[in-house]
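These are the residues of each chain, in order.
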Amino acid sequence: MGIISRGFGGRRRESVPGLPPGQYLTHDFPVLSAGPTPRVPLDRWRFTITTETGEKTSWNWSEFQALPAEDFTVDIHCVTKWSKLGTTWRGVSLDTLLGDVESSADYTMAHSFGGYTTNVPMEDLLDGKAWVVYKFEGEDLHPEHGGPARLLIPHLYFWKSAKWVTGLTLMPEDEPGFWEAAGYHMYGDPWREQRYQGD
Amino acid sequence: MARTAISGRLIWRAATLAEAHWETPTARTLVLDVPDWPGHLPGQHVDVRLTADDGYSAQRSYSIASSWPHPQNRVELTIQRLDDGEVSPYLTDTVEVGDQIELRGPVGGWFVWRETQTAPVLLLGGGSGVVPLMAMIRARATAGTKQPFRLIYSVRTPTDILYAEELRRRVRDDAGLDVHYVYTRKTPDDWSSPPKRIDVAALNTYGWPPDFAPDCFVCGPTTFVEAAADILVALGHDPRRIRTERFGGTS
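From first to last, the protein sequence lines stand for chains Y and E. Its first residue numbered 1, the first sequence is counted upward by one per residue in this note's numbering. Its first residue numbered 200, the second sequence is counted upward by one per residue in this note's numbering.
It cannot be assumed that every hint is accurate.
As the list claims (entries may be wrong) - Pair ranges (Cβ atoms, derived):
1) His379(E) / Ala66(Y): 48 to 58 Å
2) Ser62(Y) / Pro408(E): 46 to 56 Å
3) Gly86(Y) / Arg371(E): 33 to 43 Å
4) Pro268(E) / Thr48(Y): 39 to 49 Å
5) Asp232(E) / Gly99(Y): 51 to 61 Å
6) Arg39(Y) / Thr293(E): 42 to 52 Å
7) Pro438(E) / Ala66(Y): 43 to 53 Å
8) Gly375(E) / Ser62(Y): 50 to 60 Å
9) Pro408(E) / Arg39(Y): 15 to 25 Å
10) Gly375(E) / Pro68(Y): 54 to 64 Å
As the list claims (entries may be wrong) - Going by beta-carbon spacing under 10 Å, a handful of chain Y positions derived as facing chain E:
11) Pro21
12) Gln23
13) Leu32
14) Leu67
15) Gly115
16) Leu126
17) Gln197
Just so you know, the hints here were simulated from the structure itself, not pulled from any lab data. This structure is a prediction, so every number in the text was calculated from the model and none was measured. Virtual Cβ for every residue (Gly too), placed ideally from N, Cα, C.
Working from the sequences, and respecting the hints, build out all of it.
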């Protein structure tokens, strides 16, 4: 237990199942990003998977829309302490996207329009744990929330769910992405409160 | 993109409130003694943790308002009270000199300004988003460097201006610093235009032209940051030189 701050009662909160340590509930959808919001025209949109041998698999917007999509409801947890429960999305599972890709890489780097990157272990993308989503609460994903399409990996802190995602590079070794190189945790499990390096 | 490595583990430190003062009727600056504070860059933030006597705790992130080195080796935070908040009303209205809170940091290696950056600087602050920008203005003065700085500061009314006196003094004394206010609800009596939100005209008139390739720092509520950053991009500023920090939904 930390040092007690005299006179702090806190909000007498009902305990919320589904809320990781150090998080609080929000009903808004706050935005976190490092720069201006890019507007990505759909006719220039592509999603590309590049393997460790340089093989590329890619989809343009209409090819991507033709892939089997899933509708699902998950909780999301931002490292800046807010959590939002029961959010609904539509998108393509990474199991589908990676299904025909030949690779033995254990790590991936997600890349975004504008230069953002974030690293994710391969096993965290598979088995129904991650999607590339393009609808939120039934509406096209707004640019400030990462539209036209973003990665969604709800079991990790939300910075791993790269907005404006353009592709994945598959890597044999783990490497830090943008926030990870700036001191954030390499993995980012909200249930173990892995916010920063060393947590 | 430029990167900063922060090495080592971020530990929770006990911080003791050494002094406090109100900046506006709803915003209070806390001056904290933090033993062994490792120093920070302007723009970085800290996580604050409050613990109740039954063990319940709550955490929030706050930008650091002061620069480092600091004359008393202290760390200053400016807290805007959010009436429905859980943490901010404690920090503005309850905590007293001598009380302890916990903090850890500094955090964040992207939304920072370094005195070695030679480009002109454009700071766009909305509301309490001015706090990390003030740390940059203070750091520039502490370092005694000469990069031209311009701050465009959007506030609801004149009484909502944080650091009003200090900004007035610095505009007079810190060569190469300019400040322009945008009032969104109520202007001073002698103001030449009605209340308005930040717009192309304000950025054209009081910002730097894109040709000067300024480093741009934009901080405030999401709606402000979205609008301001979009205008900068539309005016031709390189998106890679625009760093943003958004807040919203935090209490």
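Hints and how they fare:
{"no.": "1", "hint": "His379(E) / Ala66(Y): 48 to 58 Å", "verdict": "holds, 51 Å"}
{"no.": "2", "hint": "Ser62(Y) / Pro408(E): 46 to 56 Å", "verdict": "violated, 40 Å"}
{"no.": "3", "hint": "Gly86(Y) / Arg371(E): 33 to 43 Å", "verdict": "violated, 53 Å"}
{"no.": "4", "hint": "Pro268(E) / Thr48(Y): 39 to 49 Å", "verdict": "holds, 47 Å"}
{"no.": "5", "hint": "Asp232(E) / Gly99(Y): 51 to 61 Å", "verdict": "holds, 57 Å"}
{"no.": "6", "hint": "Arg39(Y) / Thr293(E): 42 to 52 Å", "verdict": "holds, 44 Å"}
{"no.": "7", "hint": "Pro438(E) / Ala66(Y): 43 to 53 Å", "verdict": "violated, 31 Å"}
{"no.": "8", "hint": "Gly375(E) / Ser62(Y): 50 to 60 Å", "verdict": "holds, 52 Å"}
{"no.": "9", "hint": "Pro408(E) / Arg39(Y): 15 to 25 Å", "verdict": "holds, 23 Å"}
{"no.": "10", "hint": "Gly375(E) / Pro68(Y): 54 to 64 Å", "verdict": "holds, 59 Å"}
{"no.": "11", "hint": "Pro21", "verdict": "holds, 9 Å"}
{"no.": "12", "hint": "Gln23", "verdict": "holds, 8 Å"}
{"no.": "13", "hint": "Leu32", "verdict": "holds, 6 Å"}
{"no.": "14", "hint": "Leu67", "verdict": "violated, 30 Å"}
{"no.": "15", "hint": "Gly115", "verdict": "holds, 6 Å"}
{"no.": "16", "hint": "Leu126", "verdict": "violated, 28 Å"}
{"no.": "17", "hint": "Gln197", "verdict": "holds, 7 Å"}
Of the numbered hints given earlier, the model fails hints 2, 3, 7, 14, 16; all others are met.
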